[in-house]
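Please model the complete structure; the sequences and the hints are all you need to start from.
Protein chains: 2
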Amino acid sequence: MDTPDLYWWRWGAGKPLPLDDYPQLQTMLKAWLDLPNGLEPPASIPLDDVTLNAPRIDDPVLRSLRRLLPEDAIRTDKLARAQHACGRSYRNLVCCQRGLVPNPPDVVVYPADEGQVAGVVAWAADREVAIIPFGGGTSLTNGIEPEPERHPTVTMDLSRLNHLVSLNTDSWTARIQAGARGPELEAALNARGFTLGHFPHSFECSTLGGWIATRSAGQAATGYGTIEALTQAVRMVSPTGILETKNIPAAATGPSLLHLALGSEGAYGVITEATMRVRPQPEAQEYHGVLFHRLTDGLNALRDLVQQGTPPTVVSLSDAADTAVLSMLSHEPQGWRWLADRGIEAYLSRRGYAPNGESCLLIVGYEGEATYVKNLVKQAVATCRTYDGFHLGQAAGESWKRDRFIQPYLRDTILAMGMMVDTLDTATTWSNAVNLYEVINAAINAAIPTCGGGSGHVMTRFGHATPGGISLTTTFWGRRMPGQEIEQWWEIKQAATEAILEAEGTLSHHQGIGRDRVPWLGEEIGPVGMAVLKALKRTLDPEGIMNPGVLVP
Amino acid sequence: MDTPDLYWWRWGAGKPLPLDDYPQLQTMLKAWLDLPNGLEPPASIPLDDVTLNAPRIDDPVLRSLRRLLPEDAIRTDKLARAQHACGRSYRNLVCCQRGLVPNPPDVVVYPADEGQVAGVVAWAADREVAIIPFGGGTSLTNGIEPEPERHPTVTMDLSRLNHLVSLNTDSWTARIQAGARGPELEAALNARGFTLGHFPHSFECSTLGGWIATRSAGQAATGYGTIEALTQAVRMVSPTGILETKNIPAAATGPSLLHLALGSEGAYGVITEATMRVRPQPEAQEYHGVLFHRLTDGLNALRDLVQQGTPPTVVSLSDAADTAVLSMLSHEPQGWRWLADRGIEAYLSRRGYAPNGESCLLIVGYEGEATYVKNLVKQAVATCRTYDGFHLGQAAGESWKRDRFIQPYLRDTILAMGMMVDTLDTATTWSNAVNLYEVINAAINAAIPTCGGGSGHVMTRFGHATPGGISLTTTFWGRRMPGQEIEQWWEIKQAATEAILEAEGTLSHHQGIGRDRVPWLGEEIGPVGMAVLKALKRTLDPEGIMNPGVLVP
Numbered sequence: 000m001d002t003p004d005l006y007w008w009r010w011g012a013g014k015p016l017p018l019d020d021y022p023q024l025q026t027m028l029k030a031w032l033d034l035p036n037g038l039e040p041p042a043s044i045p046l047d048d049v050t051l052n053a054p055r056i057d058d059p060v061l062r063s064l065r066r067l068l069p070e071d072a073i074r075t076d077k078l079a080r081a082q083h084a085c086g087r088s089y090r091n092l093v094c095c096q097r098g099l100v101p102n103p104p105d106v107v108v109y110p111a112d113e114g115q116v117a118g119v120v121a122w123a124a125d126r127e128v129a130i131i132p133f134g135g136g137t138s139l140t141n142g143i144e145p146e147p148e149r150h151p152t153v154t155m156d157l158s159r160l161n162h163l164v165s166l167n168t169d170s171w172t173a174r175i176q177a178g179a180r181g182p183e184l185e186a187a188l189n190a191r192g193f194t195l196g197h198f199p200h201s202f203e204c205s206t207l208g209g210w211i212a213t214r215s216a217g218q219a220a221t222g223y224g225t226i227e228a229l230t231q232a233v234r235m236v237s238p239t240g241i242l243e244t245k246n247i248p249a250a251a252t253g254p255s256l257l258h259l260a261l262g263s264e265g266a267y268g269v270i271t272e273a274t275m276r277v278r279p280q281p282e283a284q285e286y287h288g289v290l291f292h293r294l295t296d297g298l299n300a301l302r303d304l305v306q307q308g309t310p311p312t313v314v315s316l317s318d319a320a321d322t323a324v325l326s327m328l329s330h331e332p333q334g335w336r337w338l339a340d341r342g343i344e345a346y347l348s349r350r351g352y353a354p355n356g357e358s359c360l361l362i363v364g365y366e367g368e369a370t371y372v373k374n375l376v377k378q379a380v381a382t383c384r385t386y387d388g389f390h391l392g393q394a395a396g397e398s399w400k401r402d403r404f405i406q407p408y409l410r411d412t413i414l415a416m417g418m419m420v421d422t423l424d425t426a427t428t429w430s431n432a433v434n435l436y437e438v439i440n441a442a443i444n445a446a447i448p449t450c451g452g453g454s455g456h457v458m459t460r461f462g463h464a465t466p467g468g469i470s471l472t473t474t475f476w477g478r479r480m481p482g483q484e485i486e487q488w489w490e491i492k493q494a495a496t497e498a499i500l501e502a503e504g505t506l507s508h509h510q511g512i513g514r515d516r517v518p519w520l521g522e523e524i525g526p527v528g529m530a531v532l533k534a535l536k537r538t539l540d541p542e543g544i545m546n547p548g549v550l551v552p
Numbered sequence: 000m001d002t003p004d005l006y007w008w009r010w011g012a013g014k015p016l017p018l019d020d021y022p023q024l025q026t027m028l029k030a031w032l033d034l035p036n037g038l039e040p041p042a043s044i045p046l047d048d049v050t051l052n053a054p055r056i057d058d059p060v061l062r063s064l065r066r067l068l069p070e071d072a073i074r075t076d077k078l079a080r081a082q083h084a085c086g087r088s089y090r091n092l093v094c095c096q097r098g099l100v101p102n103p104p105d106v107v108v109y110p111a112d113e114g115q116v117a118g119v120v121a122w123a124a125d126r127e128v129a130i131i132p133f134g135g136g137t138s139l140t141n142g143i144e145p146e147p148e149r150h151p152t153v154t155m156d157l158s159r160l161n162h163l164v165s166l167n168t169d170s171w172t173a174r175i176q177a178g179a180r181g182p183e184l185e186a187a188l189n190a191r192g193f194t195l196g197h198f199p200h201s202f203e204c205s206t207l208g209g210w211i212a213t214r215s216a217g218q219a220a221t222g223y224g225t226i227e228a229l230t231q232a233v234r235m236v237s238p239t240g241i242l243e244t245k246n247i248p249a250a251a252t253g254p255s256l257l258h259l260a261l262g263s264e265g266a267y268g269v270i271t272e273a274t275m276r277v278r279p280q281p282e283a284q285e286y287h288g289v290l291f292h293r294l295t296d297g298l299n300a301l302r303d304l305v306q307q308g309t310p311p312t313v314v315s316l317s318d319a320a321d322t323a324v325l326s327m328l329s330h331e332p333q334g335w336r337w338l339a340d341r342g343i344e345a346y347l348s349r350r351g352y353a354p355n356g357e358s359c360l361l362i363v364g365y366e367g368e369a370t371y372v373k374n375l376v377k378q379a380v381a382t383c384r385t386y387d388g389f390h391l392g393q394a395a396g397e398s399w400k401r402d403r404f405i406q407p408y409l410r411d412t413i414l415a416m417g418m419m420v421d422t423l424d425t426a427t428t429w430s431n432a433v434n435l436y437e438v439i440n441a442a443i444n445a446a447i448p449t450c451g452g453g454s455g456h457v458m459t460r461f462g463h464a465t466p467g468g469i470s471l472t473t474t475f476w477g478r479r480m481p482g483q484e485i486e487q488w489w490e491i492k493q494a495a496t497e498a499i500l501e502a503e504g505t506l507s508h509h510q511g512i513g514r515d516r517v518p519w520l521g522e523e524i525g526p527v528g529m530a531v532l533k534a535l536k537r538t539l540d541p542e543g544i545m546n547p548g549v550l551v552p
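Chains A and B, in that order, are what the protein sequence lines are.
In terms of numbering that gives the first Met the number 0, the first sequence has 162 at position 163, counting the first letter as 1, and numbering is strictly consecutive.
In terms of numbering that gives the first Met the number 0, the second sequence has 123 at position 124, counting the first letter as 1, and numbering is strictly consecutive.
In short, the hints are calculated from the structure, not lab data.
Be aware that one or more of the hints could be misleading.
Claimed, not checked - Output of the computed footprint for chain A on chain B, the stretches with three or more beta carbons under 8 Å from beta carbons of chain A: (1) 116-130; (2) 166-179; (3) 227-239; (4) 304-314; (5) 517-527.
Stated by the list, open to error - With a straight-line cut-off of 20 Å between C-alpha atoms, the simulated SDA-like cross-links for lysine to any residue are: (6) Lys-533(A) <-> Ile-241(B); (7) Lys-373(B) <-> Thr-309(A); (8) Lys-400(A) <-> Thr-194(A).
Note that this is a predicted model, so its numbers are computed, not measured.
All residues carry an ideal CB built from backbone N, CA and C; glycine is no exception.
The structure is reproduced here in structure tokens:
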């Protein structure tokens, strides 16, 4: 209820991955990145040693807020404020590691229904108090941090709005409250035999409302579609009133208001619930691994898979650098095990595949009725063979599936080694995919050493494939420059972002805009697009209290 | 170029269907609708006998317009003004039959590129001249008629912007200019082996820009998706500037501006081109007919077809009243021939199917690789059998396919008999489909006699099925009350529209809002939704010159 399970200083609620479980990772990172010996993970700082700004909301104002909500739905304690102070970007985590929580909210509220949400929003609009809707707190783009100096801020934690309101088993829709986190939403649907099929990396922590507000895409977006495709209707409480879109499978009633709530990032209102397109849980899920000699072979095979016949449910194509890391991790006691032993590697090597060289790993998964899935897998393997793909079998895929949400925990482990690590997301057409990939790699590989990060390591994973194109998620590692972490990271991020836009990639495929990407939004959507977003802001949030500084500052 | 092929007083450009070719239709309509004997089709009125208002744009203003466009791109003659005076709704056609063209544009322009469009829009904004973007002129909702009294009006015919700009065969996208009509767009794509797969009833006349501006859905929307799903990027010239969305398969960069252009109905700007998601032409197309004992059987079968496995490309389920008309027309010399002869009917009758009674016809079509399509058809027939569906075979489907664009011509024929005929479109969830159907039927069946239309005939066709729901297109026929046609029709239309909204259908599935449905738009999208549409209008069209009175008056 009061999110006691969320750490204020690191990812999520699950168990951390201890550094000692990754001896090879440590060794290889030291070699690759030229890290000094005797690395010590930065000690985590107890909350007692952290100093927060004094709350800017005084007792009389708090008293008026207490008329709207029960006692336990309003918190001003240090833990609640620290838990809701920022997202989980590299910048955020570095600050937290140092014990810096510069902009905590003054108050955290936990409304339990839409009426309470509307009450608090109206209360805030009257007083020019800022409201930040808070789902799982996993923003990677600085999308939920209060603005310094500007307004007293109430962060609205939606975790009590977490119910499956109703399920329509004829029309395959589910009304779900916005604060439902991935696991609780799936559990409620699974209990009735259904699934939403939305599995972003942040799945364990993030919420339905957060997914809709950021136009999220999950690992199964190739089969199930992104959150845009899965959302049929929303309710959003704005300071101007409630925007409610109709629960209709398709309509031609002017511009789509649903698509204004999708991607609104809390800047236009608080999404309180949505009617989602759900499906019966699949009878079978088969995830397989295929190894290609070269990235272009993997991309060509992947394009064929989505353009010809039934597209896979899940695809994930790692470039050589990412495949090398996966291969290395597969030997760690707690790591992926898609290459069961060195014997397989020796065999692959004789066949000309090099998991630590040029080879690229594709994970491809299908879901549905068992025989149907078997056939699709057979066809997919045949398609991959035409590009010299080596079928690693289901073990590789199962291993990927088991560890599909591990990435952010692994990031914490790597951060604990004192490294710099961040991720960028973009998408482009098939015809521009290799070009964009090369441009991003060149930009980051040039920027890391220039910014004092050593030789660095840049790796890309391709996902969410459609007949029209594909997404790219690029992760870079480098040596951290103590005391200048933020400046160093920001320079690399800038160089990468500008390279992406120059090469006609999108500014974001699934992380959203937040505050970090605002400087480039005009370049992405043009001056008329910016004028439209600002007009929407003035209309829905005339006092400018909704998540100030995010999306449309 | 100057659309000499478009009639000003009836549908389209193709050959009319002579009344004499439909002896049975005449007989049955007379019986059903209690029509008087000796019906004479209203004589069409020569344009010479029609009086148009004097143009409200004087020579000095015209001279300034001539600086922007070549001589032949500006027309003020009677034919051009009459051709562009209104859409093709019942109201429009009744007026035209009477020789009434109350609100013609003052000038018709034919820009040949986006620069000319932008020039004319800027010129008009400076002078408070209204601009109406004109595609195929097929609006059924009064979406392209100049406002009486308000502004001098320039109708912008986009027929010269009709080129396939480029085709990307890797990423399956095509940049196409907005004025391309269905047949020329498909011909250009087909020549390169591709198709858009968008086939609304108006296909022969309507244009890409019109489809996007009205959020059109075609007959193959179940397989290919509606125009929303097919559109990847647009360019729209607004008085504020050009709105250009990025050519990207997926993005998370704030609210989708693409979905503001989709459905904008000319009220925000002129769509000049779009990047469309195209596909290779299918190797095989198989369209089959299946007859069901009852509508609910057909609906249940259809739901299974779209929810289980691969959805059909085309579906069209006729209720009993529509099936009866199709059955009757099948015996006309020029009509459908899905029931090849009376022998089949006798056989069907022995099996308990009654094409002139309760039975309902489903057309279901699949497209793709030949063996794959054969398998899908086999599965579909098996699914239909579980609901006692009788497989009529491919002849019924082929007949449907051949005559798929005939409906508006048939409407002209029926109008020529002096009847009232109109069509409403809506959509709803599966669980509400039968309820909505019954409510609409009851409302129209009650309204027709009340409004002097005799007993009338109401028939519905279900199409565009998704896992979440289905669209309903309801056509009604009745006796026309000479001299009071518009009032009579409007009362029935109002009753039907209110019934649809009461029963939670959408105000429009594919016809759009235009001017006719503006009174109900607030009920559909709510006060906050209306505030948003108005804010967009103020932002993109501050002078209010774009298609005034349509969508957001």
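Q: Provide an ascending list of the numbers of those earlier hints which the structure does not satisfy.
A: 1
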